[in-house]
Structure formats: structure tokens, C-alpha cells
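Novice: The task is to assemble the complex, starting from two chains supplied on their own in separate frames and drawing on the hints.
Listed in order, the protein sequences are those of chains A and B. Take the first sequence: its letters are residues 4 to 426, numbered as in our numbering. Take the second sequence: its letters are residues 124 to 643, numbered as in our numbering.
Hints in this document: simulated from the structure, not taken from any laboratory. Model, not experiment: these values are computed from the prediction. Virtual Cβ for every residue (Gly too), placed ideally from N, Cα, C. There's no promise every hint is true.
To be verified - Beyond 12 angstroms from chain B on every Cβ pair, some chain A residues (computed):
{"no.": "1", "residue": "Phe-22"}
{"no.": "2", "residue": "Asn-50"}
{"no.": "3", "residue": "Ala-109"}
{"no.": "4", "residue": "Phe-127"}
{"no.": "5", "residue": "Gly-139"}
{"no.": "6", "residue": "Leu-176"}
{"no.": "7", "residue": "Phe-209"}
{"no.": "8", "residue": "Thr-212"}
{"no.": "9", "residue": "Ile-245"}
{"no.": "10", "residue": "Val-318"}
{"no.": "11", "residue": "Val-354"}
{"no.": "12", "residue": "Trp-368"}
{"no.": "13", "residue": "Lys-373"}
{"no.": "14", "residue": "Leu-375"}
As the list claims (entries may be wrong) - Here are the simulated lysine-lysine pairs, DSSO-like style, with alpha carbons at most 27 angstroms apart:
{"no.": "15", "chain 1": "A", "residue 1": "Lys-282", "chain 2": "B", "residue 2": "Lys-483"}
{"no.": "16", "chain 1": "B", "residue 1": "Lys-388", "chain 2": "B", "residue 2": "Lys-151"}
{"no.": "17", "chain 1": "A", "residue 1": "Lys-197", "chain 2": "B", "residue 2": "Lys-472"}
{"no.": "18", "chain 1": "A", "residue 1": "Lys-197", "chain 2": "B", "residue 2": "Lys-525"}
{"no.": "19", "chain 1": "A", "residue 1": "Lys-207", "chain 2": "B", "residue 2": "Lys-530"}
{"no.": "20", "chain 1": "B", "residue 1": "Lys-295", "chain 2": "B", "residue 2": "Lys-360"}
{"no.": "21", "chain 1": "A", "residue 1": "Lys-197", "chain 2": "B", "residue 2": "Lys-515"}
{"no.": "22", "chain 1": "B", "residue 1": "Lys-525", "chain 2": "A", "residue 2": "Lys-207"}
{"no.": "23", "chain 1": "B", "residue 1": "Lys-472", "chain 2": "A", "residue 2": "Lys-284"}
{"no.": "24", "chain 1": "B", "residue 1": "Lys-483", "chain 2": "A", "residue 2": "Lys-284"}
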Amino acid sequence: MNIIKQLFGGNSRQFGMIFALVALIAFFQVKTDGLILTPDNVINLMNGYSYILILAIGMVLVIIAGHIDLSVGSVAAFVGIVVALSMRDWGLPWYLGIVVGLLLGAAIGAWQGFFVAYVGIPAFIVTLAGMLLFRGANQLFGKSLTIPVPKEFQSIGAGYLPEIGPNTGYNNLTLLIGFIGVAALVWGELRSRKRAVALGSDVKPFWVTVVKVVVFAAVILYVTYLFATGRPGTSFPIPGIILGVLVLVYGFISSRTTIGRHVYAVGGNRHAAALSGVKSKRTDFLVMLNMSMLAGLAGMIFVARANASGPSDGVGWELDAIAAVFIGGAAVTGGVGTVMGSMIGGLVMAVLNNGLQLLGVGSDWTQIIKGLVLLAAVVFDVYNKSQGKPSFIGFMMKKLGGNNSNPDLEVAEPLKGTIKTDA
Amino acid sequence: MEGVSIMVSANPVILEMRSITKEFPGVKALSEVSITVHASEIHSICGENGAGKSTLMKVLSGVYPFGSYQGDIVFQNSVCEFKDIRASENAGIVIIHQELALIPELSITENIFLGNEPTRFGVINWAEARMRTMELMARVGLNEDPDTPVKEIGVGKQQLVEIAKALNKSVKLLILDEPTAALNESDSQHLLDLIRGLKSKGISCIMISHKLNEIEQVSDSITIIRDGKSIETLDVKADGVDEDRIIRGMVGRTLESRFPDHTPKIGEIFFEVKDWTVGHPQISDRLVCKGSNFNVRRGEIVGIAGLMGAGRTELARSIFGRSYGNYISGQIFKDGKEITMRNVPAAIKHGLGYVTEDRKTLGLNLLDDIKTTTVSANLGAISNNTVVDRDKEYSVAEGYRKQLRTKAPTVDEGVGKLSGGNQQKVVLAKWMFTDPDLLILDEPTRGIDVGAKYEIYGIIQELANQGKGVIVISSELPELLGISDRIYTIFEGAITGVLDKNQASQESLMKRMTAATKSA
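Just chain B, with the same shape it has in the complex (with noise of 0.2 angstroms):
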């Protein structure tokens, strides 16, 4: 497949990465993948989340040093070792994150020449500083005062910033790690034609994005990567390569058994959400979930599709209890009676329950054991006038433990010993505890094991057996088709469609998950 690209592309080539095969203990997270890059190109990486694209770019970009990974990188015709991003970036390679390495307080001059202050005797010299922001930031098309802190401008102006901080330490291969992500339309637009207009000064330009319809319009070359292993590289003008052929590339993979057998036992409607509208929590004028309707049954799961930032986690908290972002709009039918939860504790005494997808941050005290995890969430239900009863307490974990068959010598264990599996075993049977009529999953079995995945499905599928409604995000498409009775497509904050499990197909929820307008 490279040969091709190669032969149809007149530039020389810039970057080669051969055979990259990177682990991490227990996990092979890139598998000989190999891209070539050539000059004055902008060659876009699809796939999945977790294919393995930002690990590669961390490979590229010196994140992960030279010996830690196998194959080589080739960049400019020599073989490169770079030991950190420094390295890479004196090299030429910049790596700008989806997260902006920027400091908000300081000024655009000063973001530009952060560790790389023009000095005479030590001394910084600011006029010469100034004068270079004002030319890179010409060069970028940004109309600021370069001593504006960085906080004051919008997102989009920031990313500029961030590309006139790559120019300035002569760039010749820029990474952008979805760009867009966090952009509007027309900001949007703008970064693609600088983009553009880089590739035409003879700056190459790798791209990562989930918005497929961008990356068809700008790339000369698509490279997809799927499980760690790069599939094939597209040529776009002479493949002729449309977003229905990336997505085939991006999710054609063959599905194993993965999934404990289950015969759904789907009763009525018994939970609404209807025109649900929630603002980001900073940003006052920018919606996270724009009017989104979506019911469940009893002992159904209902599965949410949506790419990282699509607002699934943002639906799901702000549902539960308002714990995330402004509430708008919008009202909860529970058994057909409004209800309302202003907070935490209401949501979990109407019966609702949250497994966040951040275990470590949001989910865990690391410093706690089992035991107290377990009953964290209905301590009431072991204490007597605010009394723990310890006993009542060990015992329920006790309970837990065997039901769930955590792997630990004792309740006493803590949880921050426990691997990843065991870990989100513990924070289900917590919400276990709780006896929610409508448990939400989000992404249940990130970072953990096969073999537990397969037992936390189990878990899952009998909890819906119990008459539950669950839901379950995630960003993996085989894991909901495999488990949901009905996946929800989410995209950009808004619901984009429903698709019984009999409909759904990778590519019918990919297509939904990646443009509103193309849902049909």
C-alpha cells in the first residue's frame, strides 16, 4: 500500500516511520506500523479511539524516547533517536496537542517564546520578541495585540498561537492532534486553509481528526490504523477516497465472540429524558447537550455511540444530579412522573446510579479499601442514627466480592492495589448497593482486560435481567453492538439517531457518530 502512495506522489519523502512496534505491559499498543510522509503533504492517521494513532504520535514526537519502542523513524533521509520532544522539536517535528500547551496568563509574545526567549547577555530581549510574534502571527493570518494574555482570545485564535509558536522554532513537520475538536465552523475553516497554506510553503503536516468530512477535504494521503496495526494508506485524489471508505477501513474488523449469550427480558418505557439542554460550565455561550431526547426500558441496555467530545459523558453527568455543566432545559419522566434532581444525592434517591469513565479521578478514593468503596454511596443503609455498623458493612462488601468475583485476599484490600478489572468491580457493586433502577456505564470497561471485560458484560447483562434499565457509552463500537438492545448515536451534544441492535452496523453508527446532516 505505501508503494502506491509513493509512486503516485511526485514530492521526496519526508518522514518514514518503518516497522513501529510499541508495548505496554500486556498490551501491544502499535504492532509494526509503518507511514511515510512526503514533503508538502498533509496526511491525515484515521482510526478508531484507542487504534493506536496518538500513541504513534507520541512515538514520532519524542513522548516516548527512542529504545522504548521498536522499528525506526526516518526523517530527511537520517535515522533518528530522539530521547524527548525537545529533541524532536530541534529536529523540526512540532506536536501540537488537543489540549493547547498554552499559559493562559501570559501574553501571545510570551506563549510564542516560552523556552526559547531571544536573550542578549541573558537577558531577554522583548522588542526583538515582539517583532517576530508580529511576523509569525502575519504569517498565520492573527490579528491580535501581542501582548494580549492568551486567555482573552477565543479558542480558535489560541490554536494559531499555537501553530506561530511551531513556525518560530522552524518547523518542517507539524502534528496536529484534532485541531478542530474545539472549534466552530468558520474557525474551523480558517486553521484548514493555513494548514493549507503551510503545505504550499513546503511544510508537511500530519493530521489526526474524527471529522472525517475535514480530513477529506484537506489530506493528500490517509494512512488508517486499526488495533495497533496501520491497514492502509490512501491516496485520496487518485483512490478517489470518500468518508464511507475511511469509515469501512477504520471499523472492518471481524468481531469475535466476545459477549456472554443474553436473551433480553424488555418491558416498558419507564425513563425519559426529553429535550435535555445543558451550556458548558465555562464557556457560557457553547451547549454540551443541545435538546436531546432518548428513553429506556426496563431490563433494557441502551447503548450511547459517540467519539471522544461528542458529549456523552456531559449528557450522562448533567443527567445525573446536574454534576456537570449549566442545566438549560429540558425535563425527566421516571415511571411517568416528572422528577426532578438538582443534585447527587437526589439522583441516587430516585433511584438513578454513575460509573464514570474516569476511575481514578472521579471515580475512586485510591485511598480507601474495598469495604468502604463498596458501601460509599448508601451509607445509610449500614449505619444506625449515622452509626457505621462495621459488621453490616464488611459483610455487604463480603457479599459483593464473591458475587462479583473480585480478586482480592480480603475486603480490607485497597482499592488503589486493585487492577483496573477488580477496580471497576468494586465501583459497580457500590452502585450496586444503591439498588438503582437505572444504572449509566460510561466507557465500564476502559482500561481493563479482556477476560474482565467479558465478566463486567456478564454483570451488566444481569442487572438488566434484575429489570434495570442500563445504559452503557462508549467509544467502542463492537462493545455496544455487541451488548446494547439499542445504541443512540450522539454527535456534537445532539442525539443523531436510534438504531435497534438488529440495525445497527459499525458503519450506520460511524456515520451517524461523525456528521449530523449525513444521518439518514
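Here chain A stands alone, though its shape is the one from the complex (with noise of 0.2 angstroms):
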């Protein structure tokens, strides 16, 4: 368990759900004889997940402030309604509608951001009456009618990586993003390596790279071989490239940045950021803000695939985004996740409704079992805190009236150290 610990880093929720993943894909890959791990189904799995996943990149930083946002949905909806309008009436071409659904999502989560931060409403509630209200405004809109959009903007949702180049019996360019990937995942890894030493904190055994390396850069090359091989006409999809873009730039964003750090600072406590001087309403607003901007975005992509808005997209998006965000480490009380454990956990999420759907397996169990996963990612993350927190050497001392090693009891006694133990 060491050698994984080392390998992995990270916390134990993290990393048992790549676990979990891994042997997920195994065991569909063995019940359904191959079909899981096929580029045609690999490639279906991107492009019927990506928007989700997106979702769930706003989501989790909206769960890590400590918020909710129920509303994903039906913003996702509303915005893909009003693109597909403002193409196919007002006759925009297709880059301008994307900067309409994009500024519109804004001006969405500004209003919600608004009650949320600075009129201090709950955000279930605010966000519960968004589900409701832009519902209604997708179906008023579009009059309860399905809206086509042109071809050029299908491309967002629907398109791959062109072929360009020598005939390699590949696609050029995902073998080009695949070589990107590992030739980064060296270079990363030797960094982190690099900063270590320097900084003269725990730097892992050399083998641990080596070991770390190889196996990461197997899988990318082994999933670019899948995307590459796909049919012809078929690569890697373009809604797997905005979120592979989004991905590492919100990665970055939350754990690299000033305003990422307010994040879960203001999740983690509240009040203790706002005492360090964290703007902690501004970050509850931008939050709010920019998850209802990746829900015009995902709705924008959905439509773009299904070549159509209409009046019941987006419906339960906002489930499975909240779902892959808490499957993939978040805390209900906020402080607590990672843009790529929620990827993780979307892809979970992902490849269970995948795998159970080519086993043949009908929505009705397929529900069923895709709450009790949620419900045992989460219970397995609470019992492992429950164990890990005060730890048995902790108890064990407690109880042999040793010295004082749990600081939460140090507190928790209002003595103020006014007492003196005579020693």
C-alpha cells in the first residue's frame, strides 16, 4: 500500500478512485469481451461525457467554497436555446453565437452569484429557483420546440481532430497531443523532482519516478492508440480537447493561483479567511459566476451534438455533475477537492452508465447502482476520516493519561492555561 501511497501521492480517497476506475475498467473490459476498451467506444464515452466533466469542473469549486449549484441544468438549457436562436433568427454566425452562450452564462451566474454572495441567500435555494426559472425560460424561448443549429457550430460537439500530414495509419494529431502529454509527464515529474531537492523537503526514491513515469506515460499512449485508431473520420473529439484545455487550466487556476487558494480558504473557514483579508464574498460570487458560464458552455456543446436545443436538455446534469464531484473527493462542508479527482470521479461515473449499457443492463438497475457507488465513495472517504483522524497511537496515549497529543481537546476546555500544573 506504501509503494501505491508513494506513487501516487496525494490523499487515500484520490487515489482509491483511480483504484476504483482501474478495476471498473477491467471488469467491464472482461464481461463484455473487449467492447469497453474499443476506440469506437472510447471515443462515444468522450463525446457523451465531456459536458458533464465540464460541469464538473465548475462544480467542484463551487462544492470546495461550500456552495451548491442545482441550477447547471437548466442554465445549460436556457443557454443552448438562446444560441441556437441567435444563430438560426437573428442569423449570427456560429463563433459569435459561442460568445453569446458564453457571455449569457456569465450574466447568469452574476445573477445567482449575487443573491448567493451579497444578498446571503443559501445557494441551494438560489439555485433550486434557477432550475425553475431558466427551465421555464428554455421552454418559453424556444416555445417548447427543438432549434437546430448549423453545421459549422455542430463541429464544437460533434467534430475531431482533422487529418492532416503523411498517412501513418494514425491520426497525426492525437498522436501529436498523445507524444505532448508524456513529454510533459517527464518533464513535470523531473521538476517536482528538481524543486524537492532544492527545497530540501521529502524527495521520493528515484524508482518511484522512474516507476510513476512509466506507467503514466503506458496509459496515455495506450489511450492516444485508441483515440487515434478510431474510424476513419473519427480521432480524438473536439469536446475532448476543450475539456482537456479547461481541465488544466482550472487545475491550474485552483491550486496554483491567489484566487484558487480563496477558494478553499473561504470553503475550509469562513470566517478565518475573511479575517486574513480573503474577499470572501467576491469569491463566493466568481465561483457562482463562472460555474453557470461552463453550464452555457456544456449546454452549448450538448447542443452542438445533438445538432438541436431543445426544451428537455440538461435535465439531471446537475446530479451527475454533484455526484463525480463528491465521488472524486470533495467534502460536503466545502475546503475539501481537486478539479482532477472530480475528473476521476466523472469518469467513474462515466464508464459504469457505459459499461452497464453494453452489458445490456436497463436504466433501472443502472440508477440503482450508480447511487450506491455514490453512496459508497462517500461513506468509505467519512469512515476513513472517522479512523484516520484521532489515530489509535493518539487513543491509545489518551488513555494511558499520557502527554497532551490531541490538540482538539487543548481547546476544547475553557481554561485559558490559567491553571498551573504545580510540576
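Specialist: Here's what the structure looks like:
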């Protein structure tokens, strides 16, 4: 177990989920006689879930900040229909349609963020209202009809990387992305090693780095191979590219920038953050704004893939996105969660869905199983925490009347230290 | 001492707590504490904050169950082994806490009968409950509709509802923890009269209060607790007890050398607060700071002494970017110029830092590690265009860890795993990294063991030596006397005096902290 921990680092929930994902894929691979890891299926999976994963990116930030957003499905649907109308009826070109969609998403986010951050209404309520509001708006604007979108616009949801360069039998651009991925992996690992050495913090043994790079590179290359060998005309899908860019950007923002730090600080302890000079209201506002903007993007990708915007787009998406985030290790109380974790959580749900479908399991059982997986993931986490927190050794020390190793006990009693123990 | 009070009192003994010892990991909160309460007596317990009064009452009322302490509780001639609050209530001991245990949305009747509803075949008999509520209300002198939600009546009346609730449980011994802390003069008087009335009906009362004039006024006997030990029991009438006598008992301890040597290098006044008046955040007509004036000189450690609830924290936080209460009036001058700080970022920009008294809920994100906490109030200094430079972050945090000798394997350690003293060092590091001109420390050594305290004092003195102003708010008078160059006293939101280090004594401070009128 220790070796695994050294390889993946991070929290137990996260690498637990990586294992769950691998195990799940292996299970379905055997059960479906290799159907799950075929190029076509992997491409389908990416196409069919990229918008949920995009929502999960926004959702994890919302949940880290201690809020929730139930309106994302309705917002996506509303943005989708407005964009479709803007292109069909107002004659906007497809690229301006996208701009309109993003702006509208941001505007909706500002509306919801205003109530959450500055009026102080719980996000649950604001977004529950939003869920009704924007679903109704979608049906009002679209007159409950389906509105088609132009061909160029469809490429953001159903397009693939084009074939360029020499005929290698693979999709060249997909290969290129794969190679860049491997190079980035090697570079990143070496850099973090160098950094650890320079700072004198824990340096992992060299073999750990090597094994890690080899394992991950193999995974990347295998996935690249799958995407590069799809049916003619298919390759790595455009929504996947958008998702990848967003994961990189938001992963960076959440872990490396001041605004990202503020989100964690506000979610971890709002009062402490405020007393450290974090503008917590502004942070709440931005997080909600960002969520609706990404919901708008997800809506547009879905519309593009479906060729048309309809009145029941996005129904239930919020639940998929929230489930992905919690399976991915976020805490209901806020302050904990990662973009990468949510992606893994989302993939667990996606593979589960897809695998059960391939096995011919009906939606009844699929939903039951998904529900149980969500519950199990969070139970696992809570159990781990309850086991881990007062460590076994600390517990024994307490029983033995040993030194005060549990800091929780120290301030719990209103002693304020005036009592001297006449040592 | 107990012997004396037994002899002068004609009434039989109702409660005897014999040699109560209660230990928490690492600290002895109570050590061989004994008190004796007679029937129909008002018995006050006096002591400084943290002396062990509340712990003693928690032992008595079963909050700390039998078995978690040593010693005997003898109530009405039988040894009691309360396993929880319910058990002590069944015996007739009811405690009314400082924070009232009423449910604001429920009516007076519902609150009085909460958990004790009169039922017929499992259905609540509201008519009976209402009738009995009327009777109880008459006994405590409360004239309200019993259906009024508790949130709609004032704090004073809520206190009466609590007492009515206790009477409903056929109380024999009532424990009141700071009953008048939140009440105004007339409500307090009404409450004290009521307690005296109950006494004449045979209900004994144990009262904990910081308001010594009230104690003097109503008590029959007083037990003084200091450092977890019962020091003496005074018979108010026979011993001719007055406030000075109580104060002497409360603080009469020898000072140990608990402070590093320090020669202050005090400069000019650079920070000044004038006529600072702030309203309570929820209760619109209540003031938490009343026209406070004070100043801080460069290199000076200024103490603020006041009892809990006197408005120390409120003063500090309202100055620190108005992070508490509603600003009403007042000015702040720094280096001769008036400054306005409407929010915390502005306060930090103007060179202020505030270390809260409540580390767990207001000071730390316990999910964070040392390095993120250290830089969290000054992220700008370690980032370029909002991108955090993690190398810089690490080395800054590591620098403070070494300088302050924070005990942790690396700065990647979670702050939740650190002891109180080390957590406090991380918080201090966080504020030191903002390079403040004025650092306000609210109970900087709360929940910290003696060794770490000494180190924290050293850090405070070092900051002052760098020419910064430091304000230390503390409930511990010896601490203030040991570390401050000058001490302001505060009582009910108003500053009642200022004493230089060499003029100040525990007695002179306590006097100014307990009664504004008597400060000379």
C-alpha cells in the first residue's frame, strides 16, 4: 500500500478512486469481451460525457467554496436555446453564437452569484429557483420546440481532430497530443523532483519517479492509440480537446493562483479567511459566475452534438456533476476537493454507465447501481476520516493519561491556561 | 474555612462537594475543591476567568459524568453519581448557562415544557401546559402571553423563562452562570430580587458572576476559587465581606517568573483611536464599544484588561477593518494621519494584524497545511500576477518555522495536527509575514501550555523591539502585568482607565475591570 501511496501521492480517496476506475474498466473489459476499450467506444464515451465533466469542473469549485449549484442543467438548456435562436433567427455566425452563449452564462452566473454572495441567500435555494427559472425560460424562448443549429457550430460538440500530414495509419494530431502529454509528464516529474531537492523537502526515491513515469506514459500512449485508430473520420473529439484545456486551466487556477487559494480558504473556514483579508463575498460571487458560464459552455457542446436545442436538454445534469465531484473526493462541508479528482469521479460514473449499457443492463438497475456507488464512495471517505483522525496511537496515549497529543482537547475546555499543574 | 460557615449558618447543609479533582489531559482543572451550600442560601463562586468555576459546575450538573472526576457530591444527604444532566435535574439541581438554552422559535409554553411535555395517552396536553406556564410565570414575575415566541421577548425575560423552566422541574438547587451578564440594570435587579424570593421559598442558589457588586449584594456566602483550588469560603454577613476583600481572594497569588527579560524601546505615539463607538451587530440599541480612546506607541506592548464580555474582542475586531459590529462613530489615526479601514484587506494594507482569541473557529482553516496558512494573509508577496510561487511559499513558511521553532516535521504538515502552541506560532507567522505596524493579539496564550507561552511572550517582545506596536488582550492579569508596558482596562464596552506597568497591580486592574464607577 505504501508503494502505491508513494506513486500517486495525494489523499487516500483520490488514489482509491483511481483504483476503482481501473478496476471498473478491467471488470467491464472482461465482462463485455473487450467492448469497452475499443476505439469507437472510448470516443463515444468522451463525446457523451465531456459536457458532464465540464460541469464537474465548475461544480467542484462551487462545492469547495461550500456551496452547491442545482441550476446547471437548466442554465445549460437555456443558453443552448438562446444560442441556437441567435444563429437561426438573428443570423449570428457560429463563433459569435459561442460568445453570446458564454456571455449569457456569465450573466446568469452573476445573477445567481449576486444573491448567494451579496444577499446571503443559501446557494441551494438560489439555484433551486434558478433551476425552475431557466428551465421555464428555455421553454418560453424555444416555445417548447427543438431548434436546429448550423453545421459549423456542430463541430464543437461532434467534431474530431482533422487528418493532416503523412498517412501513418493513425490520426497524426491525436498522436501529437499523446506525445506532448508524455513529454509533459516526464518534464513535470523531473521538475518536481528538482524542486523537492532544492527545498530540502521529502524526495521520493528515484525508482518511484521512474515507475510513475513509465506507468502513466503507458496509459497515455494506450489511450492515444485508442483515439488515433478510430473509424475513418473519427479521432480525438473536439469536446475532449475543450475539456482537456479546461482541466489544465482550472487545475492550475485552483491549485496555483491566489484566487484558487481563496476558494479553498473560504470553503475551509469562512471566518478565518475573512479575517485574513480574503474577500469572501467576491470569491463566492466569482465561483457562482464561473459555474454558470461553464454550464453555458456545456449546454452549447451538447446542442452542437445533438444538432439541435430542445426543451428537455440538461435534465438531471446537476446530479451527475455533483455526484462526480463527491465521488472525486470533495467534502460536503467545503474546503476539500480537486479538479483532477472530480474528473476521475466523473469518469467512474461514465464508465459505469457505459459498461452497464454495453452489458445490456436497463436504466432501472443502472440508476440503482450508480446511487449505491455514490453512497459507497462517500461512506468510504467518512469512514477513513473517522478512523484516521484520532490516530490509534493518540487514542492509546489518551487512555494512558499520556501527554496532550490531541490538539482538539486542548482548546475544548475553557481553561485558558490559567491553571498551573504545579510540576 | 468551611467549618466557619457551617457554624454561623443555622440552615441544614443541602449540598456538599468534597475534594473534587478533575483532570484534563495535561492540566488539573480542579484540585481538591470543596464547597458547602446550605438550604435557603445564595452561595456565590468567585474566581478569575479559567479558575475552574465553570468546570466545577459542570461536574455538579453531570456534564462531566460520575467517574470522570474524583471526590464526592453529597446532595440532600445522599452521595450522588450523576451520569448526565438529566440525572442531576431529576435530583433537583438545575443549571442555567450563560448562553440560554431556549429555542427562539418556540413559544414560552413550549420552551418551558420542552422535553417534559404533559401528555395524555402520548398526546401533548397543551391546555394543561399553558395553565401551568401561567402559574410559573406568575412566580417569576413574568407578564407575557405564554404563546409568545421566545425570540420576541428580551434577554431579561428570557432569563426568567429559564428560571420558570427550572421551577417546573421542581428545582431545589439552582445554578446560575453569569445570569446578569447580558442584562441591563433594571432587569438585573429584577432577577436578583427573584433569586432572593426563591431563597425565602427554600430554593438554594449557586451563582457565578463577575459583577462583584451584585455578589456582595445578594450572597450569603462566597467560595473563592483560584487556579483550580478552593481558597476560602466567606460568610458575607459575619465576615463583613466587601468587593476589595473578594478581589484580594481572587488574585492573591504569587507571581512566578514566567516572562522573558525585556527592556522596552518605546518611541512616539503612532496609532491612536478616538471616541470609538460601535453598535452590536444584531441588537440595534446596544453598544459594544462606548467612546473608547486609546493609543499605542512604537515598540510598545499595550495590554487590554477586561472580563469576558467586557467588549475587548469587540473593540479589537471593530478596529480591524470593522470586522465586528456596526461602526457608529470614531476616528483612527496612524502616524498623525486619519485612516479609514472599511474592511479587513484595507486594515491589512494599513499595517494592522489581528490574531483572534478563537483559533479554531476564526483563526485557522484546519484543513490547510502550515505553508498555505503562513502565507494566507499576504498571498500577493509570494505570487506573480496572481500565480503563487510555491518555492517562495515553501521557503517563507520554512523560515518562520525555524525562527519560531514550530514543532512540525515539515511545513507540509496539516495545522489541524499541531498542538495549540504550535498552531498559535503558525498564526503568528502568518501575521508576521504581513509585516504589520500594529499587531493585535487577542488571548494569545489561550489553551497553550506554559513552555510555549514563554516562547510566545518572547516573540511578542521581539516584535516590539522591531518598533512595532503590539496590543495584547488577555483575561489573565499576571500575563498582562508580565508582558505589557501599559494596560488599559475595559468594562462594559468603555475604557475605564490606563495604568503604567509600574503602577498596575492585579487589585488595581480588577477594580477598574469590575466597576466603572469605582475607578479612581
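Novice: Hint by hint, note whether the structure agrees.
Specialist: How the hints compare with the structure:
With 12 angstroms as the threshold on Cβ separation, the claim that Phe-22 of chain A sits away from chain B holds: the shortest Cβ distance comes to roughly 24 angstroms. Every Cβ of chain B is farther than 12 angstroms from the Cβ of Asn-50 of chain A; the closest lies at roughly 33 angstroms, confirming the non-interface assignment. The Cβ of Ala-109 of chain A lies farther than 12 angstroms from every Cβ of chain B, with a closest approach of about 19 angstroms, so its non-interface assignment holds. Distance to chain B confirms Phe-127 of chain A as a non-interface residue, since its nearest Cβ pair spans about 20 angstroms, more than 12 angstroms.
Every CB of chain B lies more than 12 angstroms from the CB of Gly-139 of chain A, the least distance being 33 angstroms, so the non-interface label holds. Non-interface status of Leu-176 of chain A relative to chain B is upheld: no Cβ of that chain comes within 12 angstroms, the nearest being about 29 angstroms off. For Phe-209 of chain A, the requirement that its beta carbon stay farther than 12 angstroms from each beta carbon of chain B is met, with the minimum near 20 angstroms. For Thr-212 of chain A, the condition that its CB be more than 12 angstroms from all CB atoms of chain B holds, with the nearest at approximately 18 angstroms.
Every beta carbon of chain B lies more than 12 angstroms from that of Ile-245 of chain A, the smallest distance being close to 23 angstroms; the non-interface claim holds. The non-interface label for Val-318 of chain A is consistent with chain B: the shortest C-beta to C-beta separation is roughly 34 angstroms, beyond 12 angstroms. Its beta-carbon lying about 29 angstroms from the closest one in chain B, Val-354 of chain A satisfies the requirement of being farther than 12 angstroms from that chain. With a closest Cβ-Cβ approach of about 37 angstroms to chain B, Trp-368 of chain A is found to remain outside the 12 angstroms limit, as its non-interface label requires.
The Cβ of Lys-373 of chain A lies farther than 12 angstroms from every Cβ of chain B, with a closest approach of about 28 angstroms, so its non-interface assignment holds. With a closest Cβ-Cβ approach of about 28 angstroms to chain B, Leu-375 of chain A is found to remain outside the 12 angstroms limit, as its non-interface label requires. Simply put, Lys-282 of chain A and Lys-483 of chain B have alpha-carbon atoms about 20 angstroms apart, close enough for the 27 angstroms limit, and the pair holds. Restraint check for Lys-388 of chain B and Lys-151 of chain B: not satisfied, since their Cα atoms lie roughly 38 angstroms apart, outside the 27 angstroms limit.
Taken as a hint, the Lys-197 of chain A and Lys-472 of chain B pair is broken in the structure, with Cα atoms around 35 angstroms apart against an allowance of 27 angstroms. With a CA separation close to 23 angstroms, the supplied pair Lys-197 of chain A and Lys-525 of chain B stays within the 27 angstroms bound. With a C-alpha separation of about 23 angstroms, the suggested pairing of Lys-207 of chain A with Lys-530 of chain B holds against the 27 angstroms cut-off. Taking the CA atoms of Lys-295 of chain B and Lys-360 of chain B, the gap is about 23 angstroms. The hint holds against a cut of 27 angstroms.
A C-alpha spacing of about 15 angstroms is found between Lys-197 of chain A and Lys-515 of chain B, which places the hinted pair at or below 27 angstroms, so the restraint holds. At roughly 23 angstroms between alpha-carbon atoms, Lys-525 of chain B and Lys-207 of chain A fall within 27 angstroms of each other, so this suggested pair holds. Note on Lys-472 of chain B and Lys-284 of chain A: the hinted pairing holds, with a Cα-Cα distance of about 19 angstroms set against a maximum of 27 angstroms. Pair hint Lys-483 of chain B plus Lys-284 of chain A holds up; C-alpha atoms about 21 angstroms apart against a cutoff of 27 angstroms.
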